[in-house]
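Peer 1: Just need the whole structure built from these sequences, with the hints factored in.
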Amino acid sequence: MTIKTSLCAGAAFGVLALALAGGAQAQDTTVAWKGAPQWTNDDVQFKVRGRVLLDYVYQDVDRAGALADYKTSNTRGRQVFLGVEGKLNNYFAYKVEGGSWNGAAWAWDDVVIEFKPTDMTSLMVGNIKAAGLENMTSTRFISFMDRGPYGDIATDSYLMSVVAKANGLNWTVTGQLAGDSLNSADVDNTAGANPGSKERVGVTGRVTFAPINNDIDKAHLGLWARSRNHGDEAAFVYRGRTNTNYGNTRYYSTGAIGDTDQTIAFEGAYQHGPFSVQGEYASMKIDRLKTVQPGGDPTIQTGYAFVSFWPTGEQRAYDAAKGEFGRPKILNPITAGGWGGVELLARYDYADLTDAYDTATTAAGRTLSQDAGKYKGVTLGANYYPTAYVRLQANYTNADIDNPGPGRDVEVQQFQVRAQLDF
Numbered sequence: 001m002t003i004k005t006s007l008c009a010g011a012a013f014g015v016l017a018l019a020l021a022g023g024a025q026a027q028d029t030t031v032a033w034k035g036a037p038q039w040t041n042d043d044v045q046f047k048v049r050g051r052v053l054l055d056y057v058y059q060d061v062d063r064a065g066a067l068a069d070y071k072t073s074n075t076r077g078r079q080v081f082l083g084v085e086g087k088l089n090n091y092f093a094y095k096v097e098g099g100s101w102n103g104a105a106w107a108w109d110d111v112v113i114e115f116k117p118t119d120m121t122s123l124m125v126g127n128i129k130a131a132g133l134e135n136m137t138s139t140r141f142i143s144f145m146d147r148g149p150y151g152d153i154a155t156d157s158y159l160m161s162v163v164a165k166a167n168g169l170n171w172t173v174t175g176q177l178a179g180d181s182l183n184s185a186d187v188d189n190t191a192g193a194n195p196g197s198k199e200r201v202g203v204t205g206r207v208t209f210a211p212i213n214n215d216i217d218k219a220h221l222g223l224w225a226r227s228r229n230h231g232d233e234a235a236f237v238y239r240g241r242t243n244t245n246y247g248n249t250r251y252y253s254t255g256a257i258g259d260t261d262q263t264i265a266f267e268g269a270y271q272h273g274p275f276s277v278q279g280e281y282a283s284m285k286i287d288r289l290k291t292v293q294p295g296g297d298p299t300i301q302t303g304y305a306f307v308s309f310w311p312t313g314e315q316r317a318y319d320a321a322k323g324e325f326g327r328p329k330i331l332n333p334i335t336a337g338g339w340g341g342v343e344l345l346a347r348y349d350y351a352d353l354t355d356a357y358d359t360a361t362t363a364a365g366r367t368l369s370q371d372a373g374k375y376k377g378v379t380l381g382a383n384y385y386p387t388a389y390v391r392l393q394a395n396y397t398n399a400d401i402d403n404p405g406p407g408r409d410v411e412v413q414q415f416q417v418r419a420q421l422d423f
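For the sequence shown, my numbering begins at 1 and goes up steadily by one.
Hints listed in this document are in silico derivations from the structure and should not be mistaken for laboratory results.
All residues carry an ideal CB built from backbone N, CA and C; glycine is no exception.
One or more hints might be untrue.
[Unchecked claim] Think about it this way: if two alpha-carbon atoms lie no more than 20 Å apart in a straight line, the pair counts; the simulated EDC-like pairs of lysine to aspartate or glutamate are:
id, residue 1, residue 2
1, Lys376, Asp402
2, Lys116, Asp69
3, Lys71, Asp110
4, Lys290, Glu233
5, Lys290, Asp232
6, Lys71, Asp355
7, Lys116, Asp215
8, Lys285, Asp355
9, Lys47, Asp69
10, Lys374, Glu314
11, Lys322, Glu114
12, Lys198, Asp287
13, Lys285, Asp352
14, Lys376, Asp355
15, Lys374, Asp319
16, Lys329, Asp319
17, Lys71, Asp60
18, Lys116, Asp319
19, Lys322, Asp215
20, Lys290, Asp259
21, Lys376, Asp352
22, Lys285, Asp259
23, Lys285, Asp297
24, Lys87, Asp42
25, Lys34, Glu85
26, Lys329, Glu314
27, Lys198, Asp186
[Claimed, not checked] Across the chosen pairs, the derived CB separations fall in these ranges:
id, residue 1, residue 2, range
28, Ile216, Ala105, 28 to 36 Å
29, Leu223, Thr387, 30 to 38 Å
30, Lys322, Asp42, 50 to 58 Å
31, Gly103, Val207, 35 to 43 Å
Peer 2: What follows is the structure in structure tokens.
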């Protein structure tokens, strides 16, 4: 009996082991290399991700009036990020990435929980961006080292949001309800004389369409609009740097004047093989916070346009189903015995804040907005890709700021280089 029982038990265990082995074989973990290992088991995926962007920045700043001229020369860690991404199944995915930039303490970038009821629809919660062609394109893949005044003034970076998105093969529709950044402290006025707190809130919608989308020619058209209220947080400030992320000085700024604002923006790009052009324009109607600065409600504008050419034959990687650009494919990387890829660039940036200058009220109001001027900048750039995951960049910018305050004009000559690796 004991022998029979043992034999039966052994046979049952053998059958179970074979069944488990068969199941395990159907769900074997596979590993693919996508800059770093990506593990996949059936519908489950997991990948470590990160980036290192190391910069050198030189500026020659010529300021009018009694303001002193100066030169700067700095090496800096533009971004050092580490994170993970993956999916639990075909319905739920996630992305978490953070790190340090410009020598600051750790902060979060992408932090997203995503639910995909279908292949063409998505609902996301987390620290998310939702609008702007260059803004939606990762810093790893934008053509220039930084986004310029359009990115500083018009678009929002990562905000705690609920984002709904639908797409087809050549179109997208996106809606966002957003508060402030995940890295911002709570808005807490409960200990004050007038307790109660309201975080900033904004609603954004974006649509994109690619009327041409083939292997050689691609065209992108986009429109987005946004309405924001600053709540009990500091009033909105509209300001920018000189096509760089370096430094805390803003040579053109309205000061903190925005109670609410409404933005409408247009985006477009055309690509023919290795040649492409891209541009965006935004107009912002600002409801001035009268307790900070009396005066009329201004409208400000900002935009840019650039051209890109790959003499080595590559092309920018446009994804019409996302409405953004991604990682370019390098035709002859050094890992395959080639020379890598080269991209040459030229760009024009513009911002006009002059309507925000307070000319009719107090001296304090005029001082607050004394740098609400016009920015014009020309940038030349070159990118070298030894592989698709490594990039060396050089940008030269000649910028001119014409501010309304006496002796507030600024001219900047700027040179930057970057070594970048991401995975």
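Peer 1: Now tell me if each hint is right for this structure.
Peer 2: Outcome of the hint check:
For the hint linking Lys376 to Asp402, the alpha-carbon distance of about 9 Å falls within 20 Å, and the restraint holds. With a CA separation close to 54 Å, the supplied pair Lys116 and Asp69 exceeds the 20 Å bound. Proposed proximity of Lys71 and Asp110 is contradicted: the alpha carbons are some 35 Å apart, above 20 Å. Straight-line distance between C-alpha atoms of Lys290 and Glu233 comes to about 15 Å, which keeps the hinted pair within the 20 Å bound.
About 14 Å separates the Cα atoms of Lys290 and Asp232, which keeps this hinted pair within 20 Å; it holds. With a CA separation close to 31 Å, the supplied pair Lys71 and Asp355 exceeds the 20 Å bound. Distance check on the hinted pair: Lys116 and Asp215 sit about 28 Å apart at the alpha-carbon level, beyond 20 Å; violated. Proximity of Lys285 to Asp355 is assessed by CA-CA distance (about 10 Å); at most 20 Å being required, the pair is judged to hold.
With a C-alpha separation of about 48 Å, the suggested pairing of Lys47 with Asp69 is violated against the 20 Å cut-off. For the suggested pair Lys374 and Glu314, the alpha carbons sit about 36 Å apart, so the restraint of at most 20 Å is broken. With a C-alpha separation of about 15 Å, the suggested pairing of Lys322 with Glu114 holds against the 20 Å cut-off. Distance restraint check for Lys198 and Asp287: the Cα-Cα separation of roughly 18 Å lies within the 20 Å cut-off, and the hinted pair is therefore satisfied.
The straight-line distance between the Cα atoms of Lys285 and Asp352 is roughly 13 Å, inside the 20 Å bound, and the hint therefore holds. Between Lys376 and Asp355 the CA atoms are separated by roughly 16 Å; this keeps the pair inside 20 Å, and the hint holds. Note on Lys374 and Asp319: the hinted pairing is violated, with a Cα-Cα distance of about 34 Å set against a maximum of 20 Å. Of the supplied pair hints, the one linking Lys329 and Asp319 holds, its CA atoms being roughly 13 Å apart against a limit of 20 Å.
Distance restraint check for Lys71 and Asp60: the Cα-Cα separation of roughly 5 Å lies within the 20 Å cut-off, and the hinted pair is therefore satisfied. About 19 Å separates the Cα atoms of Lys116 and Asp319, which keeps this hinted pair within 20 Å; it holds. About 17 Å separates the Cα atoms of Lys322 and Asp215, which keeps this hinted pair within 20 Å; it holds. Among the hinted pairs, Lys290 with Asp259 is consistent with the structure: their alpha-carbon atoms are about 8 Å apart, no more than 20 Å.
With a CA separation close to 9 Å, the supplied pair Lys376 and Asp352 stays within the 20 Å bound. Taken as a hint, the Lys285 and Asp259 pair is honoured in the structure, with Cα atoms around 11 Å apart against an allowance of 20 Å. For the suggested pair Lys285 and Asp297, the alpha carbons sit about 7 Å apart, so the restraint of at most 20 Å is met. In summary, the hint linking Lys87 to Asp42 is supported, as the alpha carbons are separated by about 11 Å, within the 20 Å threshold.
In summary, the hint linking Lys34 to Glu85 is supported, as the alpha carbons are separated by about 12 Å, within the 20 Å threshold. This hinted pair checks out: Lys329 and Glu314 have alpha carbons roughly 7 Å apart, not beyond 20 Å. With a CA separation close to 10 Å, the supplied pair Lys198 and Asp186 stays within the 20 Å bound. For the hinted restraint 28 to 36 Å between Ile216 and Ala105, the CB-CB distance of approximately 46 Å leaves it violated.
The beta-carbon spacing between Leu223 and Thr387, approximately 36 Å, falls within the hinted interval of 30 to 38 Å. Between Lys322 and Asp42 the C-beta distance comes to about 25 Å, which lies outside the given range of 50 to 58 Å. Taken as a hint, the range 35 to 43 Å holds for the pair Gly103 and Val207, whose Cβ atoms sit roughly 38 Å apart.
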